[in-house]
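Q: Heads up: the protein sequence lines correspond to chains G and X, in order.
Here the first sequence is numbered in this note's numbering, starting from 1 and rising by one per residue.
Here the second sequence is numbered in this note's numbering, starting from 1 and rising by one per residue.
These aren't lab readings, by the way, just hints derived from the structure by calculation.
Treat each hint with caution, since some may be false.
[To be verified] Below 27 Å or equal to it, Euclidean Cα-Cα: the simulated DSS-like pairs (lysine-lysine) are:
(1) K379(X) <-> K288(G)
(2) K279(X) <-> K288(G)
(3) K75(G) <-> K379(X)
(4) K378(X) <-> K75(G)
(5) K349(G) <-> K378(G)
(6) K358(X) <-> K79(G)
(7) K463(G) <-> K437(G)
(8) K129(G) <-> K279(X)
(9) K279(X) <-> K259(X)
(10) K378(G) <-> K366(G)
(11) K337(X) <-> K129(G)
(12) K472(G) <-> K415(G)
(13) K223(G) <-> K237(G)
(14) K388(X) <-> K288(G)
(15) K388(X) <-> K75(G)
(16) K14(X) <-> K114(X)
(17) K338(G) <-> K370(G)
(18) K79(G) <-> K347(X)
(19) K379(X) <-> K79(G)
(20) K305(X) <-> K358(X)
(21) K378(X) <-> K288(G)
(22) K31(X) <-> K56(X)
(23) K223(G) <-> K394(G)
(24) K325(G) <-> K394(G)
(25) K393(X) <-> K288(G)
(26) K378(G) <-> K406(G)
(27) K325(G) <-> K397(G)
(28) K89(X) <-> K358(X)
(29) K378(X) <-> K79(G)
[Said to hold, decoys possible] Covered stretches of chain X (in silico footprint by chain G; criterion: 3 or more residues with CB under 8 Å from a CB of chain G, positions within the stretch not fixed):
(30) 5-14
(31) 99-113
(32) 357-370
(33) 425-438
Every residue gets a Cβ at the ideal spot worked out from N, C-alpha and C, and that includes glycine.
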Amino acid sequence: MKYDVIIGCEVHVQLLTNTKAFCSCENRFGGKPNSRICPVCSGLPGALPVTNQSIIEYAIRAGLAIHCRIPEITKFDRKNYIYPDLPKGYQISQFDMPICEHGYLDVTTSQGTKRIRILRAHLEEDAGKNTHSEDGSGLSFVDLNRCGTPLLEIVSEPDIRSPEEAVAYVQGLKEIMEFTGVSDCNMEEGSLRCDANINLWIYEDDRKYATPIVELKNMNSFKSIRSALDYEVIRQKEEWEEKHITLDQKGKLTRGWHDKSGTTVLQRHKEEAAEYRYFPEPDLRPIKIPKELIESIGRNLPELPEQKRKRYRETLGLSVENAEKLTSSPELASYFEKAIDGYGGDVKKIANWILTEVMAVVNDKKINIKDFAIEATKVQALIKLLDNDVISGKIAKTVFTEMVEKGGDPDQIVKNSGLVQVTDQGEIENVIDQVLKDNPKSVEDYKAGKAQAQGFLMGQVMKLSKGKANPKMASQLLKQKLDAL
Amino acid sequence: MANITDLSLSQIKKELDGNKLSGKEVVLAFKQAYEADQAHKTPLNGYIEFFDDAEKLAEASDARRKNNEARGLEGLPLAIKDNILIQGKIATCGSSILKDFRAPYSSTVVERLKNQGIIPVGRTNMDEFGMGSSCEYSIYGPTRNPMDRNKTPGGSSGGSASVVAGKQAPAALGTETGGSVRLPAAFCGIYGLKPSYGTLSRYGVVAYGSSLDQIGILSRDPDDMALLLEHGVGTDPHDETSAALDFSGVYPLKPKNPKGLKIALPEEFMGEGIDEVIKNKVTAFASWFEKQGATVESIKLPILKSTVAIYYIIAPAEASSNLTRYDGIRYGFRDEKASSLEDLYIKSRSQGFGDEVKRRIFIGNYVLSSGYYDAYYKKAMQVRSILKQEIAKVYENYDLILSPTSPCLPFNLGAKLDDPLAMYLTDICTTFVNLAQIPSLSVPCGTSEEGLPIGIQLIGKQFSEINLLSIAKTWHQEEGLKQ
Ligand SMILES: [Zn+2]
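Same shape as in the complex, but just chain G (with noise of 0.2 Å):
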């Protein structure tokens, strides 16, 4: 069966604003239930939304980064149903007049690089959270504290053509905002949601059916979305070979992801619940966009993750692994580029300590890489150490460990602990001999040719001077010492 997979992504991102959308209490995650709501963001009678400007400029930032036009003019709708976590029994959202519009995102997968088109971000608020007691009492809570959560949510065209398009495509705006800074986009905490329309058009009898829409809800991290549309195309597959129905006949449908049975479970149909009776807000004035704030917002856009790759690959000479890894975060990116800053030497051994030792204490610690508590110029303080021949290699994963466990500054640690390396060529000399003289057998094994034996006497020096000999040198000595035995 010839077939194409159709996938067009709404995803949701919370603003990273110090207020919420309408009401200026205070933006933040979790709280204890209902102490984060005012008369406005608890839907009290008689309260009005006034528009938090901060919203206006994040949603700009996040449009221009997705390359999206900003209109002149934008308002807000209200996007009405019941619902108890909703506590206005309307959503403030924008219906027909979105504040970014026409935008797109290149994403790169195995198939190569391709062009996603974004349809609209809009600006709405996010509503509250209903929990039901599982204790049988068949109570109900409802927490007020996530309402007027300022969220965009942006909508592709249905250009996605696979499942690891799709994923590619979230990863990808995952990235710009945050780079952006316009959202922490931690699936975990919930922002970043993604929903997913799909369905596919089915090549029979020269012919091209499209089966019923179902929009997947509930993926509530990369994997499910993965394995919720990899399930779907399936299950669409199998249903369409069992029983044809199309798009035409059956419209669309919500299914939700269920991570336990790594299943997708049918949950309404759409146009049952389509009706929402969205009319302007009429608490809200329009917002007129002036040029300059767009022109602003676009000159103070930060590099985005895909120039900054580009740009360590090029110009800093990283490969292209390193670029990669480098700029998973904007806060490891921007501990690197810290790190760089001012630095005169090869930025790619900067690179390597990072993602190898500092990644290595941050891993296990499991922190951000922005909660580490030593300072980047720090890094680049022990890197020099290192090419001035102050101490060795070794030495450096010694001082480091210091630095990690009792902090500090690096030249501090070497100077304090007498960790200086040894560039005296009589003292090194006097060591290799004495090492020379305690393995006569390796001196022997060097001379029958046996290459290896040298190293095994290298090893032998460093461990005499403490690791302190300077590892080039004491090489050339061991060498010149043992050829002119």
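Since the structure of chain G is provided, determine the placement of chain X with the ligand on it from the hints.
A: Chain X with the ligand in isolation, oriented as in the chain G frame:
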């Protein structure tokens, strides 16, 4: 000196400022008037509650005055419609669904007035959520017209009009969405001001039709309105639609002579459907203006005929959305016997709302639903913007629009209760003002032969309310006081 309860708000201010009266005496006088009326065989029923703490607040206010800390509105009593929140007080909007709702915060206007020394003396009866023209659609029963207790005081701010005309308060706050201040003012023979949309903050006013709602003032003297406006206006950071107005120094009003004014009299409100007695009063009022040196011209403004129709699309549309929050989940009435979420919504809302509110929620949901949106809501909004343009055109050539406030005299209680359409038609002269978001002052212009009050509106361009009041002051001094 006259009875305290006969005094206007500005006269009371004079007496208090001159230390001729104490705040406590004033509050007590109105309280006694209210209590005396309660003993009447058909009480006016203007107040839902006369506040117990009013006396205490008056005592504190008197102490302040003694310490020379008197503020602009020190010790002045004010009645407040039951949909304007006062922190700590119940606010029901005349509805079962909010019967026990105690406001956790104050509306901006009440807050501002209180900060200047106003003493809220009680909350007044109203048609449920402001939906009605007779003050009968309330769980607290109908309010009566002090001029004739068998008649309606008009609605929805009927309680506010009744307590002011009935001398139980010198002035009151009401709210308007389509005439709810002016109609009761006209029916009760007092002044009723609907300021421009944006003049007074809507924050803390329970929403009915958000693009139309506005706090209004009912009093027996235009100066009282200037006094309250002076301290009530100004940009409110809680209301994006509030205007940056500065009315400092407008009180006391400087009377404005109508000489040279050009006044438009729309034919649409002087023809069929308007009571002859009222038309005659409008003509008499127009002659007064002409005598003062103004010119009055009849104009044709056919769009005015559509305004009730579009009003009864836009207001219910917004209301249907605004009232969804009364769902029995977080506050207000909940049917505890409900068996599921949907059942809880249905039972709580079915019992919590009265018929007129339900009717408007149905209309609102209908005109917004897909398939009907374009034919109703969208079209109504288009007509509304044409109306605004046409009104603007009128003001290019005229200073004022003059029209009856009500097409009919105060009617008997119960007369239109079961005829919603007849009830809606009492709004034909008022709704266009809300749709156009302009100010209008209903001026009491005498009575019919049987003594029923008649009100006539002075309608100005946006934010010209002080001008309207200044003109009205001239009339008040020359004619109004004679009545
Ligand atoms: Zn809030």
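Q: It remains to establish, for every hint, whether it holds in the given structure.
A: Going through the hints against the structure:
For the given pair, K379(X) sits about 24 Å from K288(G) by alpha-carbon distance, which is consistent with the 27 Å threshold. Among the hinted pairs, K279(X) with K288(G) is inconsistent with the structure: their alpha-carbon atoms are about 46 Å apart, more than 27 Å. Pair hint K75(G) plus K379(X) holds up; C-alpha atoms about 19 Å apart against a cutoff of 27 Å. Proposed proximity of K378(X) and K75(G) is supported: the alpha carbons are some 16 Å apart, at most 27 Å.
In summary, the hint linking K349(G) to K378(G) is supported, as the alpha carbons are separated by about 14 Å, within the 27 Å threshold. As the CA atoms of K358(X) and K79(G) are separated by approximately 20 Å, the hinted pair is consistent with the 27 Å bound. Restraint check for K463(G) and K437(G): satisfied, since their Cα atoms lie roughly 15 Å apart, inside the 27 Å limit. Distance restraint check for K129(G) and K279(X): the Cα-Cα separation of roughly 58 Å exceeds the 27 Å cut-off, and the hinted pair is therefore not satisfied.
Annotation: proposed proximity of K279(X) to K259(X) holds, straight-line Cα distance about 23 Å (limit 27 Å). For the suggested pair K378(G) and K366(G), the alpha carbons sit about 21 Å apart, so the restraint of at most 27 Å is met. In summary, the hint linking K337(X) to K129(G) is supported, as the alpha carbons are separated by about 24 Å, within the 27 Å threshold. Proximity of K472(G) to K415(G) is assessed by CA-CA distance (about 21 Å); at most 27 Å being required, the pair is judged to hold.
Taking the CA atoms of K223(G) and K237(G), the gap is near 21 Å; set against the 27 Å cutoff, the hint holds. Between K388(X) and K288(G) the alpha-carbon distance is near 21 Å, which keeps this suggested pair within the 27 Å criterion. For the suggested pair K388(X) and K75(G), the alpha carbons sit about 20 Å apart, so the restraint of at most 27 Å is met. Of the supplied pair hints, the one linking K14(X) and K114(X) holds, its CA atoms being roughly 18 Å apart against a limit of 27 Å.
A distance of roughly 12 Å separates the Cα atoms of K338(G) and K370(G); the hinted pair therefore holds under the 27 Å criterion. For a cut-off of 27 Å, the pair hint linking K79(G) to K347(X) stands: about 24 Å separates their Cα positions. Between the alpha carbons of K379(X) and K79(G) the distance comes to roughly 20 Å, so the proposed pair stays at or under 27 Å and holds. Between K305(X) and K358(X) the alpha-carbon distance is near 26 Å, which keeps this suggested pair within the 27 Å criterion.
For the proposed pair K378(X) and K288(G), the alpha carbon gap of about 22 Å is at most 27 Å, so the pair holds. About 13 Å separates the Cα atoms of K31(X) and K56(X), which keeps this hinted pair within 27 Å; it holds. Simply put, K223(G) and K394(G) have alpha-carbon atoms about 39 Å apart, too far for the 27 Å limit, and the pair is violated. Taking the CA atoms of K325(G) and K394(G), the gap is about 24 Å. The hint holds against a cut of 27 Å.
Our distance criterion of 27 Å between C-alpha atoms is met by K393(X) and K288(G), whose separation comes to about 26 Å. Under the criterion of a C-alpha separation no larger than 27 Å, the hint pairing K378(G) with K406(G) is consistent with the structure, at around 14 Å. Using a Cα cut-off of 27 Å, the hinted pair K325(G) and K397(G) holds, with the two alpha carbons roughly 22 Å apart. Taking the CA atoms of K89(X) and K358(X), the gap is about 26 Å. The hint holds against a cut of 27 Å.
Restraint check for K378(X) and K79(G): satisfied, since their Cα atoms lie roughly 16 Å apart, inside the 27 Å limit. By the rule of at least three residues with a Cβ nearer than 8 Å to a Cβ of chain G, the coverage given for the segment 5-14 of chain X is violated, with 0 such residues. Residue count for the segment 99-113 of chain X with a Cβ under 8 Å from a Cβ of chain G: 5. That meets the three needed, and the coverage hint holds. Residues of the segment 357-370 of chain X with a Cβ under 8 Å from some Cβ of chain G number 4, which satisfies the need for three, so the listed coverage holds.
Under the rule that three or more residues need a Cβ within less than 8 Å of chain G, the assignment of the segment 425-438 of chain X is violated, with 0 such residues.
Hint compliance for this structure: hints 2, 8, 23, 30 and 33 are broken, all remaining hints hold.
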